[in-house]
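Chain B: place on chain A using the hints.
Here the protein sequences come in this chain order: A and B. Under the working numbering, the residues of the first sequence are numbered 1 to 172, in order. Under the working numbering, the residues of the second sequence are numbered 1 to 190, in order.
Quick caveat, the hints were computed from the structure, so don't treat them as lab data. None of the values given here were measured: they were computed from a predicted structure. Ideal Cβ placement from N, Cα and C applies to all residues, glycine included. Heads up, a few of these hints could be off.
Listed next, the stretches of chain B that the computed footprint assigns to chain A, with coverage defined by at least 3 CB atoms under 8 Å from CB atoms of chain A [claimed, not checked]:
(1) 15-22
(2) 49-57
One side of the interface only, derived from the structure: several residues of chain A facing chain B at Cβ under 7 Å [said to hold, decoys possible]:
(3) F17
(4) L77
(5) I84
(6) G85
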Amino acid sequence: MVIADTLVSFGQKFLEFGQYLIQTFGYIGIFLVAFIGTSTIILPTFPLSILVFFTGSILNPFFVGIAAGLGSATGELIGYGVGIGGKKVLLKKYKKSIERTEKLFQKYRGEVVIFLIATIPIIPFDVIGLFCGIIGFKWKRFYIAVLLGKTLRYLIIAFAGFYGLSWLATYL
Amino acid sequence: MLEELNEKFPNIRSRLLKPFVVKTDPNVLTVLAFLAAVSAGFLFYYGFLFLAAILVFINGFLDVLDGEIAKRFGKTNLGDFLDHTFDRLSDLFIILGISLSPNFGSPLLGIFAAISVLLVSYLGTMSHALTRKRIYTALMGRADRITLILVASLLALFWNPALFYAIAIVFIFSVLSFIQRFYLIYRELV
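One chain only, chain A, in its complex shape (with noise of 0.2 Å):
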C-alpha cells in the first residue's frame, strides 16, 4: 500500500514536471521530457505517451512528435553507453541470451528490429538500447534507427491527441 501510494506520488511529481517543462520551454521542453524521461535507462520517470497525447492537441502535433522522437532518441544513447561501459561484465553473465538477440539481429537487420522495436513497444526499448551497446552496434546506425521509430511513434500519439483518438494512444 505504502509503496503503490509512493509510486502514485511520484508519478504525479512527474507529470508536473513534463507540464512545467512544456509550458516553460514549448517544443524544447518536449525534447526535454523524452530525453531526460529516457535516460534514465530502465528507471520509470514521465508518463511520455500521455504528455505527448495532450501536447498534441494543444500545440502543432507535427513538432510535438518530432520533438519527441528526437528527444527520447537522443536520451536512449545514456542506455547505449553503459551497455558498451558493461560490455564484458554483462557478456559473461547473460551470454546466452545475448547471443539469441544477436541471431535475431543478424537474420533481420539489426536496424529493422530497432526501428519496429522504437515504434511498436513490444518490450521494454532501454533493453535494446543497452543491448546494442553490448554487440557493439554502431552508434550512428542505432541512433537513425531509434529516432525514425520513436518519432513515427510520437508522431501517432500526438496526432491522435490533435483528432482526439485517446482509444489508438492506448495501444502506443
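Same frame as chain A, but now just chain B:
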C-alpha cells in the same frame, strides 16, 4: 585529491577499470557522459535526487572510462579537447541544476561554485599553454567533486541540507585549488 592519488598509483584505476575497457571510440563515451549530466541537472532541479544520483554516477563512470580507453588505444588531440570541454559543461549542468533548484535556498552559492570550478580548469589550461606542463594538482578535482555530489545526493534523500553543504564544500575547495594552481604556475614562470 583523487587525481593525485591516481598519479601516484596509476595501476589501481587501470586495474579497477580493466573489466570495463573495450575497444570503442572514446569520444562517443565523452558525449554520452555529457548527456547523462544534462539529464542529471534537470532531475536535480526538480528534486528527483535518486535518479539524478544514478545519472551523476553514469556521467562519472563514462568519463573515467573514456580516459582509460583513450590511454589504452591511443589518445588524440580531438579526444582531449572534447573531454575537457564536455567535462566543464557537465559540471555546469550538475552544479547549476542543484543550486538553481527552488529547494536549494541559495542560488548565488551555486553560481559562485560553478565559476570557481571553471576558474580552476582555466588555470589548468593556462599552465599547459604557458609552461607546456599539465597540472592535475588541485585540492578538489573533478573526480572528488563528482564523488562528493553523488554521496551528497544520496544523503539528501534522508537529510535535506546535504546538497547545500556539498556545493559549499565544492566552492571553498575550488577557490583554494585556484589559489594553489595560481601559485604553482607563478612559481614556474618567475
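For this session: Please name the hints from earlier in the document that this structure breaks, with their numbers sorted from lowest to highest.
Result: No numbers; nothing is violated.
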